[in-house]
Structures are given as structure tokens and as C-alpha cells.
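Chemist: Residues per chain are reported as follows:
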Amino acid sequence: MNPLTQCLLVSGALFGIGLAAILVRRNAIMALLGLELMLNAGSLNFIAFWRFRPDAEPMGGVVFVLFALAIAAAEAAVGLALIVAIYRHFHSTNLDEMDRLKG
Amino acid sequence: MEWIINHIWVIPGLPLMAAGAIALMKREQRTLAASLALGGILLAFIGSVLAFWPTMAGSGHDAVWRHYQNHVWFQFGNYPLSIGWVLDPLAGCMLVMVTLVSGLIFVFSLGYMAEDSNFTRFFCFMSLFAAAMLGIVVANSLLLLFICWELVGLASYLLIGFWFHKPSAAEAARKAFLTTRIGDLGFLLGMVWLYARTGTLLFYDGGQGCLEAGALEGLVARATLGGLTLATCISLLIFCGAIGKSGQVPLHVWLPDAMEGPTPVSALIHAATMVAAGVFLMARIYPLLDADPAGVAGWSPAMVVVAWTGAITALMAAAIAVAQTDIKRILAYSTISQLGYMMMALGVGGYAAGMFHLLTHAFFKALLFLGAGSVIHGCHHEQDIRRLGGLRRHMPVTFATYAIGMMALAGVPLLFSGFWSKDEILHEAMAWPISRGPFFLGLAGAFLTAFYMTRQMVYVFAGDYRGQKQKLNHSDSSKGRRPNKLPHESPAVMTVPLIILAVGAVGLGFINTPFWPGFHRYLTGHEGEGVSTGTLGLMIVSGLIVGAGLGLGWVLYGRKPGRVLAATDPLEVIQPQGFRWLGQRLYWDEVYQRTVIAWTLAMGRVCDWIERNLWENAVAAVSQLTLGFSWASRLLDEYGINLGFDRVCDKIRLGGRRVSAMQNGQVQHYLRSLALALAALFLLLAWGGWR
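These protein sequences, in sequence, are chains A and B.
Just so you know, the numbering used here puts 30 at position 28 of the first sequence, and the rest follows in order with no gaps.
Just so you know, the numbering used here puts 228 at position 57 of the second sequence, and the rest follows in order with no gaps.
Looking at chain B on its own, in the form it has when it is part of the complex (with noise of 0.2 Å):
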């Protein structure tokens, strides 16, 4: 156990081994690959079991038990860049939420990607997928963080697009990577800040750490543009790279379409990773985001920013998620839903609320989306929720632990977690000082998601089935299989994660009840507030909105559930604009389509038009002239040097043919010219030629 705490990197680092190690198996080791990836999580999930007892030990008394340890990384000149890993109640609950939800999908996944051809591949990003996390969690740089944020977002990438054969997977994967990317920037420029006012990037390092007192004295002190602090411009450009991976308004519009990956992908980015990461990173750098100069905890702008920012993400995807058919695309908007829930706890000061829902939340939505997976898979790859129905007969136990799960997310009282967490966030932001909107708009949130799960349970599990059979009959005679294709259980692989979720999401909220917030008290080593009649009030309260929400759900939807496909939806009848618009999902797409993205490709005709016409014609001009210069330079060897030295090379050449003439190898000819000369000479002595 002291072992454990000392080599933490351990957890993370098992994973991306047996990742490693999947990746250079060949396509046929199924068995291989899934029994790597399951031991890796495995002893990941053991080894976070085991961290986890110290830090349920050593917290609770009015102090944070902590225990880190840094490296320096390399260092330039005087500036050191130091990573390292801490283990704290923070990370220590999510290290075994995160390995037991990843490891509980990667069982489901047996099941669900028996058929698939690649299934080597899969796991080898799912394991890549849950090391990048892991290592998230247990980071204690925000540089170590920002770099397993990146590989959470490509392995992300990998795995949406994982069917890349489809053009809307592959157009969903880019779509998620860009739009996340977004928000990076802002991460990134706000770590680069810190790291110029400060330093250092580490969270903690014996009181130099930027998240400790020492650090946010100086950071809170600095005023920048508009009177905000240091601390606060810091935390919102951080805030931004959360945005775009929890997919939280306006950078949601990539989570949605997510869903065309692999649905045990939907379930891991959806639960226990991805979208979990933004939030908590909020709850990793709460110090810095809380800090104020006046030193009230709460105030700070970038707080009122981020529970703001919650608190519309969560009443308008409840609302979208109202007039969607997919399955999973309801599921995918009740996800943004609930993340506004909980980076609105963050904002109002719940930082104790906020991890609670995340961890609840991660059990019953992982549930809810092995439970999609199961009743996709079981309905042959149909996901409409119109075409589905009647299911309560043909997959019993999917339909149990659907309904726990629905049940927790819609918060009905007293039994399931969801009611817990998300009336501890819900009192929390009654609480908040400065403001009661983002509580009243948590409210309605309730309401609808107690409104649309009802709906979507009504369509999927009740009425009859409205799969169209003749359709599928004709194609299954010929491949011989069974002639009557209806819905069929999943197998065990499949339907054991989906009993152990469920009873986590039942019993998980039972760790932080008003009654005995020991969750409280473990995350942040004070007492929690207890009960009190305002507590009580607020129960009951919430308690009554969402029952209001399922009585009308099942006024709506439940008395007499769609018996034919062509059915209108009844919401439908009553509101067609409001509910196209809903369907439509607020034109979130087409705006960003209409703005951001025809701006962008206005732009890029811009600098095309400019790249055609002028640099494109300089280049040309310059190459011409090259071309000229060159032309010149041979007409100026070939005709000028080249000739004139063949010319004198020709003279030479005829002058040496004449000359070697001379030299006809007759002697007396020599002899002839000898005598000539010696004539000559005489001559010129006799006639004193050169006295």
C-alpha cells in the first residue's frame, strides 16, 4: 500500500502498456488483445483500490491528506519544468471510479464488438483512451495534465471515428477533435500565462506550487484588463479548454454527434473520461478559480462565469434532448445536461456537490449507455427510438437496469444517487450569494430530464415493437440465419457490467446524503452542513419537480404508447415550431455552419483567391525571370564562350594539321629547309644584316 502511493504512476501507466503492447498484435490475436487490455484496467482498478484507503484515511481532519512527488523534466537555463504525480481525496476517488466504470465497459465491449473485424484495434485505443485519463487525474502539473488531455482528445478522435468507413464517422471524429481544439487554445495560453507570472506549472510542490497560498497571493494581486485578477483571466482561458471537452455551451455541438462511435466509446467518453475531464479540471484548479483578492470564497468573476455557463448548458440540452429520436443522441444531450449541472456546483462554490454528481453520473450514465448498446445491439443496429418499442418483453433485463438508471438520472427521490447529487448541487446554488438564476434554471432542467427520460423509456420499452420485420426478412433468407428477427437479450458479457452499474447507481448515493455527507467531508476535510429545514425544503421541492416531470412524460407519452411507426410525436401536436425547433437542436449546427464555419471559408477563399493571383503570380514572375536569366546565361555560353573557345580551339587544331604537315618523315626534306636557312643565314652575315 505505501508502495502504491509512491509509484502512482503505475495506474496509468498499466493501461497504456497493455495499449502499447495491443498495438504491435496482429489483427487476429482477439483473445490476446482483450485479455491484455481487461488485466491492465484490472490492476489499474486494484491499484486505485489500494491508493484509495490512504486518502480515506488520512482526510477529514480539517486538512487535505496529500501526498505528491516531482520530477524536473528537463530544465532550460535557470528555469526548471517539473512534472509529477499527486495523490489526493480528488484524485483518489476518481482513479477507482475511472478504472472500475472503464473496466465494466471493456467487459460489455467483449460482448458488444465480438463481430467487429477490428477488434484488436479497439482495444488498444480504449486501454490508450483510459491511460490518458488516468493520467489526467493523477497529474500534478498542469503541463503532465495538458498533455494527457491531448491524448484523452486523440484517443477520442480515434475512437469516434473508429467505424472511419462511414463518412459521418469520420466527419463526427474531425469535428470532435476541432471543436475540442478550440478550447485548447485557450488552456493552452492560460498555462503559458501561469507559467510566465509564476514559474511553475506543478499544482503542488511543498508550498511553490501554483495552486498554493504563496502563488495565488501574487496571482490574485496583479490586476489585468477590466480590474479582473491574474488568477481569474487564468482560470477562464483554462476554462475554455473544459468547455470544449465537457461540451459545455457553445462548444457542445461535438459531443452529440460523438455518437458515431462504437456505443461502449459513447459510454467511456460519456461517463467515466472525456467529458469528465473538463470538470475535473475545474475541481483540479478550484483553488486558482476560487481565488479572490478580498479572500470570500465564491465571488471571484471567473466562478459567476462558470456556473452561468453550467447552468444555461443544463437547461438547454435538457431541452434539445426533449425532441430527439436517437437513442443516443438523447442520452448525448442528457450527458451536456448534466455536465452543466456540474460545472454550475463548481461555480456556485459546490466543489464537493460537483464531484459527487461526476461520480454518480458516471455510474448511471455509463449504465444508461451499455443499456442503448444492448438494446442496439439486440435490435440489430436500429437506433431510432420511433422503430424501437415494446422492448420491456424481449430484453427483461435490460429493461431493469435501464430503468435504474433512468431513475437515477432523473432524480427521483430518496432511493437513487442522481437524486442525492443533484440536490446537493441544486441547494448549493440556492445558496449562491450573488445570484438565484442558475438555481431556478437548474430547476427547470430537473423537470425536463425527469420529462425526456420518461419519453424515451415510454418509446423504447413500452407498446410493441415497430421494427420493420418484412423489410429484415427478406435480407436474413439469404444469409439462413433466423427468419424471425426479433429483439433478443444481450448475452451475459453484456448484461453483467450493466447489474453491477446499477447497483452502483443505487448505492452511490448513499455516500453523500444530507443525512451523512461523508463524501463531503472525505474531498474537502471540513463538516458538511448537515440537515436543516432548508435542506428538507429544497428535497421536497425537487422531489415535486421531477415527479411533475414524469407524470407529464407519461400523461404525454405513457397511457397510450405509439403503436405504429407513422405515429406524431404528441409534443408534436401540441408546439410544431417549438418542437421542430428542439429537433432541429436549436440550429446550434447551422448557425456555427452559417458564422464561424462560412467565415472561415470565406476566409480560406480569401486567401486562396490571394494565393492564386498574387503570390502564385510572383512566384511565376520570379521563375520567369530565372528562366530569363538562365536562357541568357546559355546563349551567352553556347554562342559566346563555348563558341569563341571552339573557335580558337578549331584554329589551334587546323594551325597543328599544317604545322604537323611539315613533319612528312622525309629527311631530306628536313635537310632542304636546313640548307635554305643556312643560306639565309649565310647571307644576312655576308651582307651585315646584324652588325
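Just chain A, same shape as in the assembly (with noise of 0.2 Å):
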């Protein structure tokens, strides 16, 4: 098992996890941290292909995640203010309530 697939699986592993947050988890704030680590896993798979490719060049893997990290903390931020309007407007933040946007 070389260090690639090692990365690979830790990565996938923590996308697994976050996603399994995000689909069981009821509460608002539970799930975007599920996302979060989605995210992250992403990342994670950025960092381990850029380390192991056989022509590395000097920073792009880096660059990449940390645009990445400043996306995702906007997202959180917004992510988390969203959360907030809509504890004040429902006194709840329990995601199976929340439904009115249907057909």
C-alpha cells in the first residue's frame, strides 16, 4: 500500500464521516459540520495528489487548499449566520422542521 492510497483512504474515510453527519445528524449545526469535513477531504485529496505526483511542482497543491480554507470559512461564517436567522425565525434549528420550501 503506497502513501498515495494511504492519503486516499484517510480522505475518503473523512468524506464518508461527514457525510453521514449531514444525512443523520437533525440538528442544523451538526450537519454543516459534517460539511466542513467534507470539505476538508477534498482538500486532503488535493494536498496527497499534489505530494505524490512524480513532476512535483514547487506550491500548487497548497494554494489550492488554502483557497479552499478561506472558502470554507466565508461558507461557515455565512453558513453559520444563516443558522441563526433561522433559529430566531423558527426557535429551532432541527432540519425535519424546516420544509416550507416544497412543491
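Derived from the structure by calculation, the hints contain no laboratory data.
Computed list of lysine to any residue pairs in SDA-like fashion (alpha-carbon distance at most 25 Å, straight line):
no., chain 1, residue 1, chain 2, residue 2
1, A, Lys-104, B, Ala-832
2, A, Lys-104, B, Ser-844
3, A, Lys-104, B, Gly-836
4, A, Lys-104, B, Cys-820
5, A, Lys-104, B, Val-830
6, A, Lys-104, B, Lys-822
7, A, Lys-104, B, Ala-846
8, A, Lys-104, B, Val-838
9, A, Lys-104, B, Arg-829
10, A, Lys-104, B, Leu-825
11, A, Lys-104, B, Gln-837
12, A, Lys-104, B, Arg-843
13, A, Lys-104, B, Leu-847
14, A, Lys-104, B, Arg-828
15, A, Lys-104, B, Gly-826
16, A, Lys-104, B, Asp-821
17, A, Lys-104, B, Leu-849
18, A, Lys-104, B, Gln-839
19, A, Lys-104, B, Gly-827
Assemble the dimeric complex from its two separately framed chains, guided by the hints.
Modeler: Here it is in C-alpha cells:
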């Protein structure tokens, strides 16, 4: 088992955990945490493929991940603000109760 | 005076404007309506007299003075249609006669119609009638003449049917209108033919008119069917119109029925206007009537037809008049008879004699009709001469004037106008080179005329009054009028016109005696023949015949005038069969009823049958077919197109409902789908599905 495969397995596990958290947790904040996990799994893949490629260039993967982290921070801020607004409106963060947008 | 010559249209225009103005008035404005009508006709009379002087002064120099004005009415392509006005001796004397007689009849109507609730309407129609007749007189175009001719027909329809609430009056009006229309069809055809051949309908147009030498030469040069010249055919067609209007055989049947109108209307129709129009028309187109390829006057076939028609009419109508009992019907038949004389005169070439008789007849016949109106008015609308009688004592003025009219009509020698004019006609007929037939028919007619007028006079004015007093008394007491309903003399407004007309009936004869044929020279521009032994002999013969008629009438009726209502007519005692035939007017109406009317009805029934059974079925079939198509279309629409469409709609709606059910608002539900799809994609890629 080479190091790339090991890294990919870790990131896959991370993605699976995040996905499971999103799908099963009723609390909106928990779902947001799961989302962050999935995002980080993606970032880990970027690092791994950059690190173990044959002709590695100096900075590509790291910059990619730095951008992803910055976006994730912004996204987390927006997501948390949304959750606060939802809580103010519904007095709850339970995702099952938030089904107004339906056909 | 110069002005009136150039504006001759004013004369018919004034009564026309009066008629138009009265038509706008309310029923209550009786005085205003009457004064307008009278004012219109009075001004027209003054204008006519002014227009008469130049015709009088200008004629008599071997040429006829004539003044005309033409205007293009409208133009299609290169064909102008002109109308115009003409003033010549023929028009001049007619204008004066029509306006004078109409005016007197208007005055008489003031009294006669005073109690009628439709007084205003009456004067409107009368003015229209007079205007139309004056239009005929001054028209210089056959088209304009025809328009006025039809206006006269319309006005007569309105006036005969004036008391339209009486079914008999409405019937008579319709009959008059339809019968004259039959003749007018011929007139119209003749007019169209004339226009097609000559390109003009103007009578006089500086050598271009259809009555002037240029056009006539073209018309006589061309032969049509049977070798008749075109001029003859056209004149005969136009003569059809005159037959209808002037009540000649066989279209005379409307005229006696026209007595259903008010009596002044009868006077106007039978004296001055409508019936005279036919004779006037023939006089107007006389050059066309007389046109002959050989250039000999009085030989054209059209003239022969006119002469014989007139002669037969003159005798037959006089014979029918012998057995009539209605005072107005007797006069109606005498009118037909006299019109026959006029036609006969024109046919045998006595142009001036015919017109002369037209003028004198206008006066004495208006006098007789108005006298009859006075009698009817005085006797509370009784028209049956058997129920009258003894009126000489009750109505002296009416009696005197009626007697003058009667003697003028009968042709009592030397003093009365009818003698001179009738004698002139007989003289012309005797000189006719083709046949003596009309002359003898005319003599027989003269005899009968004297006879039936004597009969009527005796019945109406001699003996005792035979009206039913007891019946009248019964209705009187309830109305609170005079209990004794004896006849009474009419008011002055009615007797004064009678007196004026009586003067005319006597005096008018002297304008054209054999000793001084002034009218002949005035009308034709040539000197008359003057006195000859033949003239004197004929005067004696006709005088004797008139005397015989009067004498026979006196012997049969006058010696012991009927005292009782039920007395049989003496003539009926002598000749019951013949009397019944004449009394039934020779069954003309019945013959028409059995033939023309029955055929028309049968044809109508055939048309009705075809309509009901053929066309109606065809129409029904088409309608059923259309209905069937509509049904099919509807079915297709509802169950084909609409249903398919609805199904599709339903499916789409269902699909939409299903799809919208997926969007349930549950975020995690969506995410599950995403995850599943992702897993599926992953598996696909992992197993290399899309390489």
C-alpha cells in the first residue's frame, strides 16, 4: 500500500464521516460540521495528489488548499449566520421542521 | 313675365313645396295647412296665367311658339341624361286649366272635408297631386314626365285610399295603383327603347330632341316586327301607359272603383289631373305618334290603334253608365267615355279637337263631380241615386250648376262647351280617311251620354226625396242634432266654386267654335277649317242625336219621376237581361277575376308549391347537412381533439404533481438523493463504465 492510497483512504473516510453526519444529524449545526469535514476531505485529496505526483511543482496543491480553506471559512460564516437567522425565526435548529420550500 | 318663362319649374314647384311643408305639420294645424295649399295653388295659377300670355302672343304665325330649357341631370360615360322644362301652347293652356280647376277644388274641399280629422293630410296629398300633374305638363323630357307620371300615380293611390279604414277604399286604391302600373310597364319599355335608339329623351332640344325631325326620320326609317316602324312600336308602348292612366279599355276597371276616395279627389282625378295626363301624354308625343314613312298625316298604325281604342271605350263606358245607380259611378263611366272621345280625336288626327275637349271636359266634369259632392254632403253621404230625389227644391244652387254641367256633358247645342268640343271631335272622325267606324261609335256614345245624364238628373233632382228618414231620426235623437234630416244646401265655400266652374263650362266652348277656331290656331299654329256645309250638317245631326237622347230619357224617366224607393228602373222593365249586363259593368271585373287574377293566383300557388316542396326541401336538406357537419365537428372537437388534449393535460398535471412531491422541503432528503447519485457515479467510474 503506497502512501497515496493511504492518504486517499483517509480522505475517503473523512468524506464518508462528513456525509453521514450531514445525512443523519437533525441539528443544523451538526450538519454544517459534517459539511466542513467533507470539504476538508476534498482538500486532503488535493494535497495528496500534489505531494505524490511524479514531477512535483513547488506550490500548486498548497495554494489550492489555502483558497479552499478561505472559502470554507467564509462559507461557514454565512452558514452559521443562516442558522442563527433560522433559529430566530423557527426557535429551533431541527432540519426536519424546515420544509417550507416544497412543491 | 320674362322671368316666369325662364323659371317655369316654379309652377309645379310651389304646390310641391306646400305639400312638403304641410307634411311636416301637426294634425291640428288645419288653418295653416289649408292656407298653404291654397296659397301654393293660387301662386301657381298666377304664374300659369303669366306664362300663358307669351304662348298666346307668340303662336299663330304658321309655327308654334316654344321655349325650353334643358339641363344635364347626370352623365354616365358619354351618355348624358338631360331633363328640362318646356313652355308651348300645349303646356300653357294645360297649366291654366290645371291650376284653375285644382284651385277651385281646393276651395270646395275646405267645405267638404271640414269635419274630417285628417284634414291636414288631405291637403298635403292634394298639393302633391297638383304639383305632380303640373310637372307632367311642363316636362320637356320623357323621363321627367315619367317621374311626375308616377308621382301622380302615387298621389292618386294615397287619395283614393284616403279613408283607408274602409276596406273597399283600401282595395280600390290598390286596384288603381296596380292597374295603372300594368300600363306604365309598357310606357317604361317604350321609353327605354326610345332612349336606346335616339340617345335622348328630351322632347325638344334644338333639333336633337326625340320629337324633332332628325330623330323622327331615324325612327320611321327602321322597321321592326310585322313591318311596323320603330316610331309606331314605341308610340304604342307609350300608349299602354296612357291606356292605364286614362282608363281606356281594357284597363278602365280601376276608375269606377276610385270613387271610394273623397269626392273632391274624384273631381281632381277625373277632371283636371290624373286621367287627363294620359291624353296629354299622347298629345305631347303626337309627332312621334303621327310619324309615318310616307309622310302622310293620320295614317300611322299607332294612330289607328289609338282611334279605335278611344271609340270603343267611348261607346262601351257610356253604355255601362246607363245602368249604374251610384251617382259618382255614373260620372266615372262618363269620364271614361269622354276620355275615349279625346283619344279618338287624337287618333283620327284631331290634335286640337282632343285637347279642346280635354279642357272643356275638365271644367264641366269638375263641376259635375263637385256638384255630386255637394249632393252627397247635403244628403248625409248618400250616394245611391234611388235614395235621392227631389233635390231641386232643397238645393237650388247645386241643381242649377249641376244642370249646366249635365247639359255641357250631354252636348246640348250652341250654348254649352261640351257641344262644341264633341262636335269638333265628331267632325274630325268623319273626315278620317281610314274608317267611318269611330265616327258612328262616337255618335252612338253621344246619344247614350245624353240619355244617361237625363236619367241621373231626373233621379237626383226630380220627384220626392226618397232618403230613409225614420232610420236617420233614430240616430239623430241620440246625437242631439236637427231632428228633421232633410237635405240642405251646401255652404258658400262649396257653391261658389260650382258657380265659377259653371261659367267656365258654358263660356269655354266659345274659344274654338267652327265660326272662330281660335284654339286650333293657338295650339297648332295653323288656321282651322272654318265653316263648311259639312260642319253645319254635322252640327245639326249631332244636335238631333243629343235631342233624341234627352227625349228618350225624359220619356222613360222624366214623365213620372219615381216616388218610391222600390220602384224598378223603367229600362229594366223593357230590357231586363241587357240592363243586368250593363248594371254588372259588362262583367269586366268578373272576367279579370276569372282570367288574369285567377291565373296570377294559380301561378302564385304553383310558386308557393314549388317553394314549399322543392326549395324548402332543398334548403332543409342543406340545413340538415350543415347541422350534421356541425355535429360531427362538435363530436370531433369534444371527444377527439378536446378529449386527447384533456388527457395530455391530465397526464402532465399528474406528472407535475409527482415531480413536485419530490420537492418536499427536507434538505436532508435532497442530500440523500445527491449522495446516492454520487455513489452511483462513483461506482460507475470505478468499474469503468464510460470508457
